[in-house]
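Undergrad: Listed below are the residues making up each chain.
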Amino acid sequence: MNKVYSNADEAIADIANGMTLMLGGFGLCGLPENCIAALVKKGVKELTCISNNAGVDDFGIGLMLKQHQVKKMISSYVGENAEFERQLLSGELEVELIPQGTLATRCMAAGYGMPAIFTPAGIGTEVAEGKEVRNFNGKDYLMEMAFDADFAIVKAWKGDSMGNLVYRSTARNFNPVMAMAGKITIAEVEELVEPGQLDPDYVHTPGIYVHRIFQGVNYEKRIEQRTVRSKQ
Amino acid sequence: MNKVYSNADEAIADIANGMTLMLGGFGLCGLPENCIAALVKKGVKELTCISNNAGVDDFGIGLMLKQHQVKKMISSYVGENAEFERQLLSGELEVELIPQGTLATRCMAAGYGMPAIFTPAGIGTEVAEGKEVRNFNGKDYLMEMAFDADFAIVKAWKGDSMGNLVYRSTARNFNPVMAMAGKITIAEVEELVEPGQLDPDYVHTPGIYVHRIFQGVNYEKRIEQRTVRSKQ
Amino acid sequence: MLDKTGIAKRIAKEIKDGYYVNLGIGIPTLVANYIPQSMDVVLQSENGLLGMGPFPFEGEEDADVINAGKQTITMLPGSAIFDSAMSFGMIRARKVNLTILGAMEVSENGDIANWKIPGKMVKGMGGAMDLVASAENIIVAMQHVNKAGESKLLPQCTLPLTGVNCVKKIVTELAVLDVLPGGGFKLLERAPGVSVEEIKNATAGKLIIEGEIPEMEI
Amino acid sequence: MLDKTGIAKRIAKEIKDGYYVNLGIGIPTLVANYIPQSMDVVLQSENGLLGMGPFPFEGEEDADVINAGKQTITMLPGSAIFDSAMSFGMIRARKVNLTILGAMEVSENGDIANWKIPGKMVKGMGGAMDLVASAENIIVAMQHVNKAGESKLLPQCTLPLTGVNCVKKIVTELAVLDVLPGGGFKLLERAPGVSVEEIKNATAGKLIIEGEIPEMEI
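Chains A, B, C and D, in that order, give the protein sequences.
Residues 12 to 243, numbered by the numbering used here, are exactly what the first sequence covers, in order.
Residues 12 to 243, numbered by the numbering used here, are exactly what the second sequence covers, in order.
Residues -16 to 201, numbered by the numbering used here, are exactly what the third sequence covers, in order.
Residues -16 to 201, numbered by the numbering used here, are exactly what the fourth sequence covers, in order.
Take the hints with a grain of salt, since some may be wrong.
Mimicking DSBU-like on lysine-lysine, the simulated pairs with C-alpha atoms at most 30 Å apart in a straight line are [to be verified]: (1) B:K82 to B:K242; (2) D:K99 to B:K83; (3) A:K142 to C:K103; (4) D:K103 to B:K82; (5) C:K99 to A:K150; (6) B:K194 to C:K103; (7) C:K(-8) to A:K83; (8) D:K103 to B:K77; (9) D:K151 to B:K150; (10) A:K242 to C:K(-8); (11) A:K150 to C:K78; (12) C:K103 to A:K83.
Simulated from the structure, these hints should not be mistaken for lab results.
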């Protein structure tokens, strides 16, 4: 069981044109920066990307959009990226916008082996078009299908060589549910440790879900909206 | 927001005859011992109990069975309790046996606001009788409904006064999924601490799910199958 | 007439001790500043946090600690972090007591539109559809009329919907209104110095006025 | 003929490096003792643990650390604890590579019965129905015949089913057999000293014998 890779290039080497990828992160927080950089470098194309956001123009998935590597985005909110909007309006980019909770739960469904889930999100809206509606106890729910992704690419704070992961603060976000959901899951971590160094009670993603892991480098961890108060 | 109760008697005071309770634990591990003792003392009857097991003759839910407080058990495995078997065969006790994963996932469904889930467990068996079968990608699944429990009663290792809970080792088991699932959730803990003393990254059950919490006393933590190896 | 702060202050009065509250982006975010210190209120941020605190002091920002608006924030004692699935799980299971969010339009039967202007703005719904589909108690914070001077309280929404039959209460710069279960905006309070007539003129949907309408206290 | 230890040893040979394995109660539990030290194999216990280790030394038992058989155990470095929903989530999502469990009956189309004897034994299915419904790779460890001398490898199960069309391989005291996708028990290996004739006599379901049947190596 050797899950440890030396870097992002190695870990993503077999990601091919046309594949479906899940990418963890919320905004620019908890992004798999190293893997995104490696995907840009590799120049793999025609990707379908499932990720809550589409990055900004010069960071995150925005970097892949700029290189026209993305055929389709499945996201809940994409409002921070001008290049994205341009590609969308020009028809270069296909976009499926879905509710954030639906996005998260369709990942979880995949990780939990559940083919579909029910959610009221989107009932009565264009999100419901073409989907099965079902009433339970007087309330309507949409049946939403589990995602099917070739690779899930996540970022964790710490991980061990068996693939166990621990996230830090709100950089957790979509990472654990995507980590469970990939046919192959790649995790990049700020600190790679030996088995036994993570407390089993506080592992967020058990190693069984993680196929490849590597110690990331040069994390920028960019802040999207720096908001502060002054000391009084 | 005062969630802190002084003891089990207070925390369960309004549990009434005929109610449906979820009780955490796996075998005798991670059992809400204090609440069970208080329920026995209170003598509340006609209960429906959702719990993976039914305890043993003189511990756990077995104590409630002995007092004929349970009308119906919903469990996955009840093989350790002679009194249970007697009541079942004599017709005094109604029993619904369901797969363990189905039990856990029906709890989670309730906690996640999902009215139903799909699982292949039980397809082609008597568990499937009367249930909707649905085929996804060539595989059959049963539609199983979220549980609806008046109270969930769980045991954690540590908790704070805001209801945040941390479990220890395999005493976690069903406790977190049940904690999410009760209309009212009561948590007993080995150690009750102040807000800020639990690391937010390692809270297993966020306080929003927990309505009442108290510091338990005199934990017996009985071992069901003591198995050891000798030092060589 | 109220400014944004006034709207936030008035909404803060709807919050009860012990509430778990989700605040949307914009005016709703301001509400946090006016929750009485004496109350135990926990703010949920749908990116995975309960116990959101104020912005950090300068120099203390942490890129890993943000809210759903991607702003740097702090966490209060007793916070808990969780993943996105659990976050929307607790929303869907109605563990969050109150949701406050902005809107472009609200209809007299409680429909809300706030995520898309066809051909113009396509940012996405984020968590709004989940929130409005599940929350028991939804208050909309918005301007009564849009920049073109058209009412945002309509018989029917004209923009793509975010959710149906879900808004319970609206607080604008002019008024506080309930959306009645049977339909219609029931006028509850006038903003200081605003007449019932002004509110009538600014409301395109069915406005229900019964008896004397008090001026709101902030 | 094999004893229980022999059956466990033979099954251990089916385990590959890097496997995540769920071991049922009884003979399957013994399999853990015969996994080569050189292999990285992680044992899953469905009560919520990956990385199950051997029984604790006397005096070191911890009531909070048990396996699905409620036995006190230890955890190896790199273990992870999770709740019951996630445990069966990873089983359902086929992250567990191999499931080894006991049976009362197996049919020639791979049905298995191991949880109930009507009117006699009603202990419940525990996690068995989840495991057999989801696992890609299921090996049954059992005696070839029951205490009454009747075959447990049948054309059809007579007891209430645990799962259908799921068993891939069976290891008994007499033989190793594959359950073919089209139905039938294909004899792969004989236990030391056991003749094909003995296996034939002990197998009520359709037995497929092709060519020379080797004696198993343990």
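Undergrad: Starting from the hint list further up, note which numbers the structure goes against and sort them upward.
TA: Numbers 1, 6, 7 - these are the hints that the structure violates, sorted from lowest upward.
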